[in-house]
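For the protein sequence lines, the chains are A and B, in the order given. Converting from the first sequence to my numbering requires adding 43 to each position, the first position being numbered 1. Converting from the second sequence to my numbering requires adding 43 to each position, the first position being numbered 1.
FYI, nobody ran anything at the bench for these hints, they're computed from the structure. Please note that a few of the clues may not be correct.
The list cannot tell twin chains apart, which means a pair is met if one copy fits it or any two copies do.
[Unchecked claim] Within a straight-line C-alpha distance of at most 27 Å, the following computed DSS-like cross-link-like pairs (lysine-lysine) qualify: (1) K343 / K476; (2) K374 / K476; (3) K476 / K495; (4) K448 / K476; (5) K48 / K599; (6) K495 / K322; (7) K495 / K345; (8) K262 / K296.
Owing to the predicted nature of the structure, the values given are computational and were not obtained by experimental measurement.
Protein chains: 2
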Amino acid sequence: MDKKKVVIIGGVAGGATTAARLRRLNENIEIIIMEKGDYISYANCGLPYYIGDVIKEREALLLQTPQAMKQRFNIDVRTGNEVLSIDRKEKTVKVKRASDGSEYVESYDNLVISTGSTPIVPPIEGIKGEGIFTLWNIPDTDKIKNYITEKKPKTAAVIGGGFIGLEMAENLKEAGCSVSIIEMQDQVMAPVDYEMAQLVHENIRMNGVELILSDGVQKFENISEPTGNKTRITLSSGKAVDAEIVILSIGIKPNSGLAKEAGLELNQRGGIIVDEYLKTSDENIYAVGDVIEVTEFIEKGKTMIPLAGPANKQARICAGNIAAGFGILDKSTEGIYEGTQGTSVAKVFDFTVAATGLNEKTLIRMGRKANEDYFVAIINQKSHAGYYPGSAPITLKMLFSPEGKIFGAQIVGVDGVDKRIDVIATAIRLGAKAADLQKLELAYAPPYSSAKDPVNMLGFVAENILKGVVRFVPWDGLEKRDELAIKMGVPAVTVLDVTESFERMAFAVEDSVHIPFGQVRDRMQELDRENLIVTFCAIGVRSYNVARILMNSGFKHVAVYPAGTGFYKSAF
Amino acid sequence: MDKKKVVIIGGVAGGATTAARLRRLNENIEIIIMEKGDYISYANCGLPYYIGDVIKEREALLLQTPQAMKQRFNIDVRTGNEVLSIDRKEKTVKVKRASDGSEYVESYDNLVISTGSTPIVPPIEGIKGEGIFTLWNIPDTDKIKNYITEKKPKTAAVIGGGFIGLEMAENLKEAGCSVSIIEMQDQVMAPVDYEMAQLVHENIRMNGVELILSDGVQKFENISEPTGNKTRITLSSGKAVDAEIVILSIGIKPNSGLAKEAGLELNQRGGIIVDEYLKTSDENIYAVGDVIEVTEFIEKGKTMIPLAGPANKQARICAGNIAAGFGILDKSTEGIYEGTQGTSVAKVFDFTVAATGLNEKTLIRMGRKANEDYFVAIINQKSHAGYYPGSAPITLKMLFSPEGKIFGAQIVGVDGVDKRIDVIATAIRLGAKAADLQKLELAYAPPYSSAKDPVNMLGFVAENILKGVVRFVPWDGLEKRDELAIKMGVPAVTVLDVTESFERMAFAVEDSVHIPFGQVRDRMQELDRENLIVTFCAIGVRSYNVARILMNSGFKHVAVYPAGTGFYKSAF
Ligand SMILES: Cc1cc2nc3c(=O)[nH]c(=O)nc-3n(C[C@H](O)[C@H](O)[C@H](O)COP(=O)(O)OP(=O)(O)OC[C@H]3O[C@@H](n4cnc5c(N)ncnc54)[C@H](O)[C@@H]3O)c2cc1C
Ligand SMILES: Cc1cc2nc3c(=O)[nH]c(=O)nc-3n(C[C@H](O)[C@H](O)[C@H](O)COP(=O)(O)OP(=O)(O)OC[C@H]3O[C@@H](n4cnc5c(N)ncnc54)[C@H](O)[C@@H]3O)c2cc1C
Ligand SMILES: CC(C)(COP(=O)(O)OP(=O)(O)OC[C@H]1O[C@@H](n2cnc3c(N)ncnc32)[C@H](O)[C@@H]1OP(=O)(O)O)[C@@H](O)C(=O)NCCC(=O)NCCS
Ligand SMILES: CC(C)(COP(=O)(O)OP(=O)(O)OC[C@H]1O[C@@H](n2cnc3c(N)ncnc32)[C@H](O)[C@@H]1OP(=O)(O)O)[C@@H](O)C(=O)NCCC(=O)NCCS
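Let the hints inform the model, and build the full structure from the sequences given.
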């Protein structure tokens, strides 16, 4: 074999991983990483925590240096080298050195584009002002950290309630700021649905952070006082927020300019289109990471999902395919990237928020109808056995088809959330049906789970829904009783609170009838059988048991309010 | 339908759950629980923690009372009612009331046996002595708790190093005792293999607990002093251990006497044989829980796996099948129990120890040969991103076939262990191949995991093993170099330490050559190409990278020492 040459553009998640794996597959390929910045292989995902001093050492963020990559992997890492253009015919790239501005041309046999993405900075008045930052890489981080160290801001505003925005809100709080989050949508954390986000909203506010929803930024104004820099943020509503430091975190766009100019196929959002081998429309050019369009795993649509896990996985597959293409590895070892589910998790103050697959908003956007095209299970469970100290409630939502196909799941809670989303993500990836979750034999001892793990419970509940053993009202069903009555073809809705009297003293749904669980058999004649009876309790388990009593006693219209009091109180 | 009557023997995990689900499926069936003890529906698994005062309230252990089961589920719970015999022809049971010793006969349409198991108390001299206890139910717990409260023992011995024994050791330590564990085998925690158990042994000892392995009890002697009760335990080795309190935890046997006398089919170990519908050899009798023989999920052999998760799952399926048998549910909703993997987890001092599927000991016992019939991957990973505070090492072992079938996995570590075993248990249950683990899209943010989750890493490593990209030596390979050399047909073994000099100052494998990772390309001529080169480092990752350099540079015999220094130091 001739000595082959692979040029990789971008030296972080996708790029460095492709390089490392490729080297392990072959000693002889010449591997060059072109990185326009000064750093490679750093922990983007750790940046917010370094700003909040949760991660103390800046060095901890730098996983590999160019020197180590040279010594250990024999990779020619060229930091401060920006690729300006790609000449596909000549198979060369034009590169500019940051050090002296000089340019040169480098040839390749295969090119890998792992240029990532860039935060969007929309053309809003004043957005370039002092004290307004985006966070994406090490220099950004240094700027923010230095600004905080020098100016000691006491007020901060985060524009955008995605996971990076929320991590920054938390870390700015850690750094001593009073924080406001401004989000244009009616919820933070887009991967979860509104009612799940409401749990997060409540916690954000409990942590003393101001949360402004459904409001966008109209302009930024510098209103610095002699004592220091300050920005006034005027919102669409007219409201104004003043902050000494502002973080913009309102979305990202793929760094696909190079690819576009080179005539590679892009999608509408600028994502590079690749085949399942991660090859672009040019057979010598691969692309991985944030910059590519991926197959959405569930419904096989096309989308963009900028996450580190997928970038790393794609990189390893890409390296294998390059090696196979060069005849180094057997063709049969070529790897296919099967798509991205969008499994994600974030720590948001006291909560962990996680999701995988499609959410309900997306299903609705796709024209799917609740209770026809998809079903919803929302349940409340404990992170581990309730009798062992430290257990905390977690709320799980799962969406699935009448055939049992799992569309997606979302979980919010203090503990044990990441575990359950990983189990469900695994089940989805391996093609499990919703009811299969009940079969999963998960590890149980009191500090870790319950004999019926929350994921098993989701499986039970899904099976019950599919077999007509239980029906739930929507999370906002109690507020829309008339609508619900019409939809169900009943004269009215009766909300039946089955909690004990002492619980009802603490909280009661408006206009509800009260019969504690243990008295339902004796007192069901008090209920109007023509109505839809919606059972209600703290968690949803007693409601479910009562619903079964009523259904088995000839009541025709019975449904359960999902996940009980805690959920209901947060969701409104 | 005539009113049907179901009698359930045993009112805890399997029994109470069968009853509850059956009631939810139908209001009219008469359901009777016969429980010989005074309590139903209690949290067996929490008992050790109540003794250690980790669980403060005794009430927290009692999940349902007979009264509540009556009120809420309309179940006739008869505590203090022991079933003495079953008359299969008449479809009746003979029952004895503890209150007055009277007996009566109760008829059934279906009978469910969920009688559980009982701790084994072998006929060892002195075993019935004062201060010697077994722990299985609430009265046992009360006895132990009272004894501790009254006698305030300062020394304790636990006989048997299974999970209950270890939980008791930990909780007796919590209760202020100096504890000795005595185990006949050379390891505790039978579900994991010896080298994984060694990590646990180290931690037990670090926690100041005396651990005596490979030694059995020969006799117990009461050597009470005026100051209090004391037992002398004489071991096979001649060693003696004195303890004021002794807990026996050396195994259990199924409570299948009733079934045996009734002529139901049992296996050799006394387990009731059931079909996949959980029906015994009598078509009106079902059995669930500890008392039954189950299909071992991996290789479909028959075994007994007494765990709460399986008992609960079986109970729910059993209830469904009873309902289907009575024509209440459609036959198509009959459920099948597909077998038990034996997924288990235990908190053992600072560690979590977990396993699922078959271990290597079992494979060897089945006649399987390493590197022919099965492969072993042992890796060391961090519980979450190393740069985020609080991450801790976890060691994962996976066994898989040349075709990639996963036989089982074991994990030991301080944090994140239960999550990874659940993901692997899910993958196994859903039929994933070892290399499929790399595809799993698990949730990543720095507090929870790494962009390549430890489970993904297992998938990478498994793929590498199966494709010949890497080879590992056994965990004890460095101690058996001559053997290894003969097996590999090489003149000798060279252990190549690729750590940095400062690391080597802290620890070095005996008789090893030292070339740091970054110098290997330049200095590989120092190595004898005829030898087997075994690379060694702290974690296994550098060793692997160096192995690849050597393999790709024409070295024919290269292997990696798995999981690195920490593991090596513990395993010996
Ligand atoms: C603050 C923050 C927190 C995050 N947290 C998480 C998280 O918790 N979980 C998660 O899954 N993901 C997280 N992510 C996302 C994750 O980091 C990205 O998905 C991942 O890094 C994408 O990898 P990539 O290789 O595509 O791009 P990157 O890792 O961004 O690397 C792209 C590199 O290409 C270089 N480059 C671009 N153009 C050129 C050019 N023309 N010439 C030379 N070099 C060029 C850039 O300088 C950059 O270094 C986070 C990201 C950020 C910024
Ligand atoms: C201390 C301890 C800790 C444990 N920890 C865990 C753990 O962390 N994880 C885990 O998965 N499992 C654990 N287990 C095991 C788990 O509790 C059992 O697997 C489970 O309870 C088995 O359910 P079962 O219904 O078969 O039997 P049981 O729950 O034991 O119930 C059997 C009942 O039947 C009654 N009975 C027996 N014979 C008769 C008769 N003739 N007439 C009337 N009644 C009768 C008994 O009195 C008993 O109450 C633990 C067990 C113990 C004791
Ligand atoms: C640092 C970096 C270059 C390392 O790349 P890498 O060498 O492929 O990755 P890792 O160090 O995680 O090691 C993984 C390799 O070690 C192997 N491995 C892991 N543990 C092992 C063990 N105990 N024994 C043997 N092999 C092991 C894996 O199989 C894998 O090798 P393979 O790809 O050839 O199968 C790259 O991950 C990087 O730049 N990361 C930082 C950027 C980033 O990801 N940012 C976003 C997240 S914050
Ligand atoms: C207490 C006990 C009788 C309860 O039995 P149970 O009612 O079947 O179990 P749970 O209370 O866990 O509830 C599970 C049911 O609620 C349903 N459920 C759970 N959460 C729900 C929610 N939010 N909304 C609707 N339904 C829900 C489940 O689908 C399941 O019903 P199904 O079996 O009809 O599908 C029984 O579990 C028991 O005795 N346990 C203690 C003994 C034991 O297990 N010991 C060993 C471990 S320590």
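Broken hints, numbered, in rising order? none
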